[in-house]
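Listed in order, the protein sequences are those of chains F and A. Take the first sequence: its letter number 180 is residue 180 in our numbering, and every next letter is one higher. Take the second sequence: its letter number 442 is residue 442 in our numbering, and every next letter is one higher.
Everything labelled a hint here was simulated from the structure, so no lab data went into it. Beta carbons are placed, not taken as given, at the ideal position from N, Cα and C, and that holds for glycine. A hint or two may mislead.
What the hints assert, rightly or not - Here are some chain A residues pointing at chain F (derived, C-beta under 10 Å):
1. 178
2. 347
3. 443
Stated by the list, open to error - What follows is a set of in silico ranges between Cβ atoms, one per label pair, in the way DEER data are often shown:
4. F:303 - A:287: 39 to 49 Å
5. A:287 - F:269: 16 to 26 Å
6. A:98 - F:387: 32 to 42 Å
7. F:222 - A:316: 21 to 31 Å
8. F:196 - A:315: 32 to 42 Å
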Amino acid sequence: MSLLDRVRALLGDDAVEIAGGPDAVPRVAPPSPDAVALLLGTARQEGWRVRLEGAGTWLPADAPADLALTTRRLDRVPAIEPQDLSATAEAGIGCDLLRQQLADRGTWLALDPPGLAGRTLGSVVATATAGPLRQGFGAVRDHVLGVTFVTGDGRLVQSGGRVVKNVAGYDLTKLEAGGFGAFGVIVLVHLRLRALPRADQTFVLEGTREDLTQVAEDIAAAGLQPAALELMSPALARREGWALAVRLAGSAALVAAEEAGLRGASGGRFTALRADEAHGFWMRAAESFATRPVAFRTGGLPDSSDELLDLLQHQVGDEWVSASPGVGAIRWAGDTTVDRLRRLRRTLAGLEVPLTLERAPWSIRSAVGHFGAYREGVGPLVAGLRRTFDPGEAFVVAVEGSE
Amino acid sequence: MITAGLVEGLAGIVGARHVRTAPAERVTYARDGLPTHRRVPAVVVLPGSRDEVIAVVRLLATHGVPVVPRGAGTGLSGGALADASAVLLVLTRLNRILGIDPTNRIALVEPGVVNARLSVAAAPHGLYYAPDPSSQTACTVGGNVAENAGGPHCLKYGVTAQHVLALEVVLGDGRVVELGSPGGEPWGPDLVGLFVGSEGNFGIATRIAVRLLPLPRAVRTLLADFMSLRTAGEAVSAVIASGIVPAALEMMDQSCVRAVEDSVYAAGYPRDAAAVLLVELDGGSDAAVTADAETIQRVLQEHGARSTRTAADSRERERLWQGRKKAFGAMGRLSRDLVVQDAVVPRSTLPDVLETIARIAATYQLTVSNVFHAGDGNLHPNISFDGRVPGLKARVDTASAEIMEACIAVGGTITGEHGVGLDKLRYMPLIFDAESLTAMRAVRRVWDPEERVNPGKVVPVHACREWSGAAKPRAIGPGSAERDRLGAADPGAVPRGSWEDVPA
Ligand SMILES: Cc1cc2nc3c(=O)[nH]c(=O)nc-3n(C[C@H](O)[C@H](O)[C@H](O)COP(=O)(O)OP(=O)(O)OC[C@H]3O[C@@H](n4cnc5c(N)ncnc54)[C@H](O)[C@@H]3O)c2cc1C
Ligand SMILES: Cc1cc2nc3c(=O)[nH]c(=O)nc-3n(C[C@H](O)[C@H](O)[C@H](O)COP(=O)(O)OP(=O)(O)OC[C@H]3O[C@@H](n4cnc5c(N)ncnc54)[C@H](O)[C@@H]3O)c2cc1C
Chain F
1 MSLLDRVRAL
11 LGDDAVEIAG
21 GPDAVPRVAP
31 PSPDAVALLL
41 GTARQEGWRV
51 RLEGAGTWLP
61 ADAPADLALT
71 TRRLDRVPAI
81 EPQDLSATAE
91 AGIGCDLLRQ
101 QLADRGTWLA
111 LDPPGLAGRT
121 LGSVVATATA
131 GPLRQGFGAV
141 RDHVLGVTFV
151 TGDGRLVQSG
161 GRVVKNVAGY
171 DLTKLEAGGF
181 GAFGVIVLVH
191 LRLRALPRAD
201 QTFVLEGTRE
211 DLTQVAEDIA
221 AAGLQPAALE
231 LMSPALARRE
241 GWALAVRLAG
251 SAALVAAEEA
261 GLRGASGGRF
271 TALRADEAHG
281 FWMRAAESFA
291 TRPVAFRTGG
301 LPDSSDELLD
311 LLQHQVGDEW
321 VSASPGVGAI
331 RWAGDTTVDR
341 LRRLRRTLAG
351 LEVPLTLERA
361 PWSIRSAVGH
371 FGAYREGVGP
381 LVAGLRRTFD
391 PGEAFVVAVE
401 GSE
Chain A
1 MITAGLVEGL
11 AGIVGARHVR
21 TAPAERVTYA
31 RDGLPTHRRV
41 PAVVVLPGSR
51 DEVIAVVRLL
61 ATHGVPVVPR
71 GAGTGLSGGA
81 LADASAVLLV
91 LTRLNRILGI
101 DPTNRIALVE
111 PGVVNARLSV
121 AAAPHGLYYA
131 PDPSSQTACT
141 VGGNVAENAG
151 GPHCLKYGVT
161 AQHVLALEVV
171 LGDGRVVELG
181 SPGGEPWGPD
191 LVGLFVGSEG
201 NFGIATRIAV
211 RLLPLPRAVR
221 TLLADFMSLR
231 TAGEAVSAVI
241 ASGIVPAALE
251 MMDQSCVRAV
261 EDSVYAAGYP
271 RDAAAVLLVE
281 LDGGSDAAVT
291 ADAETIQRVL
301 QEHGARSTRT
311 AADSRERERL
321 WQGRKKAFGA
331 MGRLSRDLVV
341 QDAVVPRSTL
351 PDVLETIARI
361 AATYQLTVSN
371 VFHAGDGNLH
381 PNISFDGRVP
391 GLKARVDTAS
401 AEIMEACIAV
411 GGTITGEHGV
421 GLDKLRYMPL
431 IFDAESLTAM
441 RAVRRVWDPE
451 ERVNPGKVVP
461 VHACREWSGA
471 AKPRAIGPGS
481 AERDRLGAAD
491 PGAVPRGSWE
501 DVPA
């Protein structure tokens, strides 16, 4: 039996979405977590190589594989609990749809990942791509209470739960958040929510990078705690110069106080955006990252942010960059080469700054790897964890480069 | 095997003074903060430096001897106990704060640093370490990392996992690994996140980089009292739903309030109230905190608070908190023995669950006091009893199991911050199916292939399956996915064994 016939026999005709796309790889959309397990159990027996896809908007679907597994039919939202500020959603739901459903119940997932609005929740968790809101609300992992995932040999594993505090068992959720699918396909996610902010205001200041860096420091020194404090390159902000964008979110009293503080710290130089302008501003910046072939993030210390931006400018250019100086995180997008990326990762490693490749064509991904430059002793642990969760090496994921 | 030669070797590394073999010395390490489990270690070793830790672990590895890390021994799950086949590695001498970087708000510490000391050291820089377990004047940062400890102020600021940036870990074979980076971004998969909460099963943390936070410029502390547990529970949900996240939201019931008021930590809580809520708001601006505190006060009044009061000054605030933080100790005075649970339930179920617990207590004629992190739904029902009374221990045990069942039935979990250790091993199969438990064990074996570091904790090995070769493709049955999501086991099936350890 051909691969396609076997898949159809296992999961039904309608599970095969595209019999053979441009790269002749059939795309399979299992309708349930159990179906994902069944498919991967079979893949393990047959030795099929599987590439994972969410909505298909972020990583190029070009990893060499026998079949593509897309989570797009896992798009239910079994529970939204406004009273508990938690929700449970399947991994294939689009972030935009989820956001709408949450807002209808007065709740909010305080994550603004880069990419198109329809990116799947699973892909955001798997790639741990947080956006500017990481300043106020933390990394992706801080929003995930638990996950159910399927290993490369078809086992359904749960970790964490749906309550907001939980130390029962080892925290495998942390491995799945940011694992780029190398340790399993996430099928279900339990989320920590916040109440939809009563007030939500964005302010933008344009200027030179030096000037804005100083303003960002002043804001931090004034003890303000913005939801986002993002320094963006002109192209990204669609402005003449660099832009410093500040987002304040919370109770009306909090936002009013922070706004007064912001005025004090900056000499009243910021311009407030209207709600629709603010929405468009953040959306466009997020989407811009999906329009360049390569994107990566670095995580340094807050006080090294400026120096790291210089380094990026020098080695790979700084046309599309966005930095959260308060937390030391930088995201870069653009066009570059394997050699440059490798060199940059080496330089950064010397400064104790990890570089995580978020997005690139397979030719670059497979050479550079999402991860690399591990510290002492980490490589064997990662390899052991991969063997544990994908013993047959079914998942085609460029965890490490080929260097 | 632990031989005289091995003991000599240990003494050669750490100095004879720091190797304890006399029975009288070893029994002082037979328990942690939970009185119900007891194990006497074969040998106790107290290394004085990271290098000594590495040398000790390597020596034990060559002898194939199990090693159990221990901090201050305040744990409440029997996690830091070693039996006669194992060496207890006490880390309290590794107590240096290696550095504080005020610009980047980071501290680098050794594992034996006492939690509260770190905040004291950070205070001159206007910073503090946010996770504040009630045991913070005694417990160590290493123990906090291993348990993923929480505390009252973790409601707003997150538990230990959210504050640990990087770790140096000595694995069971003596290899040293460096996890995470000073900025908090992982080098690859999030191994720091995976390590935090692994209860000493993945290795020994010898250096810990944590995030510090700026001391809040404004703080308001409110005390509200209620005439029924149910209204107090409903008020908790109302506060959460208000959209304002308090720094802390704690509840104490009448039995707990009276225990505190009868102790030296009397805080002025109303003795006739069925429950009190302690709510704290903090932030960078006095105006905002004041306004939010007024909103919360109104919410509390609208949801049945008999009275509310705001701490007038920092002295009153400290007194209110002192009562809460010492409540556990105060309850310890109620009776000879004490069982403390740590289940977490969805916050909206608190009113029902509190009533269920009271009903169970009445059925078994037991004194159950509740003092807990209400804002997180993290319950701590304490059962006070005298274990010498015939039959009483069995009754306590049955009641504990019923309380746990009730919490799991509403979608809760078995432990929110104290960890599984030995104490909750028997409950693990109630929330995780065999596949998930087996996956956990397989992960542990990646770090510690011989399962020699803190053996017999966290994962009930008898409940695991094989983890090798291909998993059998599963049949798709109706409802099976749902069952996997919510926890496979039948909540009716709580094993009613005694506290004695589940055999591995
Ligand atoms: C309208 C449109 C049509 C397209 N048509 C085609 C086409 O015909 N042929 C073609 O080849 N490409 C096509 N593409 C491009 C391609 O589909 C996408 O770029 C690609 O599928 C990205 O999918 P992804 O799942 O990797 O992305 P994402 O969904 O963003 O996933 C990103 C990363 O997360 C991982 N991941 C996602 N979900 C999970 C999960 N639940 N658990 C664990 N890991 C996960 C993935 O492995 C990947 O590493 C199209 C794109 C669009 C927008
Ligand atoms: C009165 C009282 C109140 C408490 N309140 C709280 C509370 O509010 N919140 C809360 O979370 N807990 C609370 N606890 C429980 C306890 O204090 C915490 O679990 C604490 O984190 C334990 O720290 P410790 O140093 O005492 O660790 P120990 O009890 O010595 O050890 C705990 C576990 O950590 C492991 N371990 C210790 N050090 C290391 C290391 N360096 N590397 C690897 N593993 C290690 C041990 O093997 C063991 O499994 C309370 C306890 C008491 C007695």
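Here's how the hints hold up against the structure:
At its closest, the beta carbon of residue 178 of chain A sits 4 Å from a beta carbon of chain F; the interface hint therefore holds under the 10 Å criterion. Restraint check, residue 347 of chain A versus chain F: the minimum CB separation of about 5 Å is within 10 Å; hint holds. Taking 10 Å as the C-beta contact cut-off toward chain F, the hint placing residue 443 of chain A at the interface holds, the least distance being around 6 Å. For the hinted restraint 39 to 49 Å between residue 303 of chain F and residue 287 of chain A, the CB-CB distance of approximately 30 Å leaves it violated.
At about 22 Å, the beta-carbon gap between residue 287 of chain A and residue 269 of chain F stays in the expected band of 16 to 26 Å. Between residue 98 of chain A and residue 387 of chain F the CB atoms are about 35 Å apart, so this pair conforms to the stated range of 32 to 42 Å. The supplied range of 21 to 31 Å is met by residue 222 of chain F and residue 316 of chain A, whose beta-carbon atoms lie about 29 Å from each other. Between residue 196 of chain F and residue 315 of chain A, the C-beta spacing of about 38 Å keeps the proposed range 32 to 42 Å intact.
Checked against the numbered hints given earlier, the structure breaks only hint 4 and satisfies all the rest.
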